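The lines below spell out each chain.
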Amino acid sequence: MSVVLDIKNLETRFSTREGYVYAVNGATLQVKRGETLGIVGESGCGKSVTMMSVLGLVPTPPGEIIGGQAFFKGNNLLKYSAADLRAIRGKEIGFIFQDPMTSFNPVLTIGRQLTEPLMEHSRCSAREAREKALEMLNLVGIPNPKVRLKEYPHQFSGGMRQRAMIAMALICDPDLLIADEPTTALDVTIQAQIVELVNRLKSSFDMSIIWITHDLGVIAGMADRVAVMYGGMVVEEALVDDLYEEPLHPYTRGLLDSLPKEGTREPLKAIKGAPIIIREKPAGCPFEHRCGSAKPVCREKVPRLTEKSGSHRVACWLYDHA
Amino acid sequence: MAEQDILLKVEHLKKYFPLNSGKLINTRRDYVHAVDDVSFEILRGETLGLVGESGCGKSTTGRAILQLYKPTSGRIIFEGRDIVSLPPEEMRAMRQKMQIVFQDPYASLNPRMNVSEIIGEPLENFNVLPRNEIRERVLEILDMVGLDRSFANRYPHEFSGGQRQRIGIARALALDPSFIVCDEPISALDVSIQAQVLNLMVELKQRLNLTYLFIAHDLDMVRHVSDRIAVMYLGSVVEIGPSDELYTNPKHPYTRALLSAVPKPDPKSERKRERVILEGDVPSAIHPPSGCRFRTRCPQAMDRCAVAKPDFFNVGPDHRAACFLYK
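As they're listed, the protein sequences go chains F and D.
Just so you know, we're using this note's numbering here: the first sequence kicks off at 1 and counts up by one.
Just so you know, we're using this note's numbering here: the second sequence kicks off at 1 and counts up by one.
To be clear, the hints were calculated from the coordinates, so they are not data collected in a lab.
In this text, all values refer to a predicted model and were calculated from it rather than measured experimentally.
Hints are not guaranteed to be accurate.
For the chain D half of the interface with chain F, some residues (derived, Cβ under 10 Å), not all of them [said to hold, decoys possible]:
(1) 202
(2) 204
(3) 281
(4) 285
(5) 287
The C-beta atom is built at its ideal place from N, Cα and C for all residues, glycine as well.
Chain D extracted, bound-state conformation:
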């Protein structure tokens, strides 16, 4: 990977959320280890899928990258600059280039602003266009996301989930960003609408040369839209590789269990299928297991897995897994 092709580099990112122990004088603090030493790169123009189940830290990672949460430690290098240590004014300028689409189309739009105001707000905040040109830009963006121009004066409650999500996407596009964190953008939509919105996001990415971090839990959808995929478990990335390669040759035991759990719309193959069924539940993120976080549920756990957290080992072309099975 040539250095100049890397748009975003995440280095040893950690985000711990402190918990109060409930006493008046806190002598000891517990932390939720939401993101626990995560590193990866995203190339300009690619879509990196980030998958994992609830509590794995994928959403927190996405938000920490955008500095919506201040990282506990680690570096986030965007277009060559470490944005964690940027002074506020410079970070603010950076924000034009990094945007987010949220999961819940019912919670992420201000109900008291109309569509034009919602999409125009970023343009006003950053003074990128003279006032009289903002309206025209808003209408152009509405065209781009497939919404009728007449919707500009309407309010969020007048729209369906799918339309609201298009409004959220329009808002993210307003400042002409280079990078968008898509935080479960289709999970809250009906099945027949998911395909529409996903197609739109893919088309926009190609047209506008965007780079996506696509966070989701629907593995089939993520595969369809991503060039590479990173799998997270309890705050760590356990495997990363090209989408098709990861799906056809999963190496980490968790990735295998995850993929085997996904039901396929094919009754004959479902009947024959042998699944890896994991026992029990995900352990606590407050007191995660020592060493490899997955060892308590791993069908192939060894003694050494409790001693140290595994590094990444190469398991295929551009494909790495954090597992001692591959040392």
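With the rest of the complex left out, here is chain F:
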């Protein structure tokens, strides 16, 4: 099976008045052709910055990619020029952002924004592009597409805007769709609609998907494989069934254990402490100060992502020997 995106040891940091913030500290993950990779993590874990870094969307300054590689179909995107990246974004890689209200241009019609990738990346005439846009709006389930094309983002509801965003991301038939918390801001019944839509489109568009979220429920229904991120690194990665049935990393276990269980009113098993902002290059495991199983080595050496069994990888000194 070929690998569409192969990120190796990506490191990104930001300059702030108080010094550096190390947002991504050695992220390693792959997406294979035709699969959905879920990336799970809380705010500050580096999941969004990882994708933004790969696509050249991190403003530099204050951001800076200080290490690693990101191979897309064999080519290292981190070495691409801005022009080359622009040629790929929207065409071979589609991106859906979290908040569709702020990621659409409020002063341009939906039609104009939907046809923009086509006009930019292909030799379509305006009329052909419009036809294609109508087709896409139909495909994502927006009624009255002819009328909707002439409307502005504020005239759409949240769920419809997200559908329009999906249409825009897919209009050039990309190989990879990256969705960054696409349903977090939506109501649960609308979320169900969007998840069902994307799953349906995945097979007809024959594409790979990266779905980023903090919601362990959504990932269970969407992903083939899941990567869990904490402190800017991937701490565990496995096939979806394996991750939920046999979570290895204490953080993954903590997250799953802290969810309410049906039929019991026992106090929830919370993870102690809180995520922190990393202001120095990590010398050890970023989860150490919250981990119930921490050992001295955890503070001294950064754990390596190693294969424990089959396709199940974990970065933890409980399973690795220095």
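Following the hints, position chain D against chain F.
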């Protein structure tokens, strides 16, 4: 339910927000029917969960109960007295007993006041303690919410979201209330912090004999913390019943769709799951559908649903649904 066990009774509560039609001389007014005839009771010592999606009116209901919004009509009977018609001075006294915890820990604390001032402010406003005892009370409350006493002199920006929410909870506890409206208290927090804060709120409720109206959209969390749950849609309560009963036997078509939409962290069951997927979006609260508000998206809508709004019908032990399917 014995009369004396009922702490709060909401009767036919309505809150309409007027809209300007944009003309200089307004000949006609439109209204957002945010809360459109809502009635329920909360027993002393229980947690009533109030769930629904955005725009259903749950937050507005919570705030109207506390008179943060003046109800358009209806009665709110707290400890036997209708507080809507209370003169301002008496309402003010009532406020000691009814408090609120807000959703956004970044917006609900005054950035220019330190923790001690934030928690102490209610005590100063109501003159419940002599000045020299306020500080000690503030420190006691910090202990109760799991914050270090040394935080008393710090300012909100020095704290994380979870800690700020604890400060908000501390503030709500200062006057020793009997009733707290929790308006989405954990929604804005990271997943690993939600469990901590939820545990704290449950523990405080038991320790201090509190009564909660717990407004939230995370259905699993609400079930965990509530004795009974009311489901709202477009300004109306559509179903109300004991938590476990509502979750295992949802009767109203909207409740069923809502519960079926909640993703569970279990890949095998997610793959097999058959969901009720609702079509379209929630209709406008300015011009809501006639009759049952849910009929435009209901997979089981009948002709009569357009004619009149359904009353509540009994569908189980202490369990009611506003739906003609159960007449």
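Hints versus structure:
1. 202: Holds. Min distance 7 Å.
2. 204: 12 Å, violated
3. 281: 5 Å, holds
4. 285: Since the shortest Cβ distance to chain F is 12 Å, the answer is violated.
5. 287: 15 Å, violated
Figure legend: structure checked against the earlier numbered hints; hints not met, in rising order: 2, 4 and 5.
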